[in-house]
Amino acid sequence: MQIWVDADSVPLIAKDLIIKTAERTQTMAIFVANQPIKLRKSPLLVMTVVPSGFDKADDYIVEQIQPGDLAITSDIPLANDILDKGGMVLTTRGMVYDKNNIKQKLNMRDFMDTMRGTGVLELQEMSGQKPYGDRDKKAFADGLNRLVR
Numbered sequence: 050m051q052i053w054v055d056a057d058s059v060p061l062i063a064k065d066l067i068i069k070t071a072e073r074t075q076t077m078a079i080f081v082a083n084q085p086i087k088l089r090k091s092p093l094l095v096m097t098v099v100p101s102g103f104d105k106a107d108d109y110i111v112e113q114i115q116p117g118d119l120a121i122t123s124d125i126p127l128a129n130d131i132l133d134k135g136g137m138v139l140t141t142r143g144m145v146y147d148k149n150n151i152k153q154k155l156n157m158r159d160f161m162d163t164m165r166g167t168g169v170l171e172l173q174e175m176s177g178q179k180p181y182g183d184r185d186k187k188a189f190a191d192g193l194n195r196l197v198r
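Numbered according to my numbering, the sequence shown spans residues 50 to 198.
Where hints are given, some of them may not hold.
[To be verified] Derived Cβ-Cβ restraints for the label pairs, each shown as a range: (1) N194 x K134: 18 to 28 Å; (2) P92 x K179: 33 to 43 Å; (3) Q153 x P85: 28 to 38 Å; (4) D183 x R73: 17 to 27 Å; (5) N150 x R184: 14 to 24 Å; (6) D65 x R195: 13 to 23 Å.
Read the hints as simulated data drawn from the structure, not as lab findings.
Even for Gly, the Cβ is constructed at its ideal location relative to N, Cα and C.
Starting from the given sequences, assemble the full structure and let the hints guide the process.
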């Protein structure tokens, strides 16, 4: 197993938990982003910088991921593609995406995109992402510990 991290938007707390888990379990963690992020020197930690552009990091992860690998992302279309390739998906808030829940998530995402695109939802009616808190950190740590052994 390898851990693939959609690193463009991973919270710092989650990044630290991924690094600690990778080192504790001797599991390779590959961070993929459009710009470098600082990682400590370790043969288990890899920073892969992809060219700038829409979904370049996502495309790279989907191209590289193998069945049984774990991806850390909150990107629902990316999660769906990873599941199609036999990978596992965990969000930084501790939600595990699987074949039983991803289609519902995709449908809701597409519905909300349509609502925004047609102007039915005003900007102030859309809720942004809530701050990353202790409950999110615990849920993520628990999920990571369950999936990486």
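Outcome of the hint check:
no. : hint                    : verdict
1   : N194 x K134: 18 to 28 Å : holds (24 Å)
2   : P92 x K179: 33 to 43 Å  : holds (36 Å)
3   : Q153 x P85: 28 to 38 Å  : holds (35 Å)
4   : D183 x R73: 17 to 27 Å  : holds (21 Å)
5   : N150 x R184: 14 to 24 Å : holds (20 Å)
6   : D65 x R195: 13 to 23 Å  : holds (18 Å)
Of the numbered hints listed earlier, not one is contradicted by the structure.
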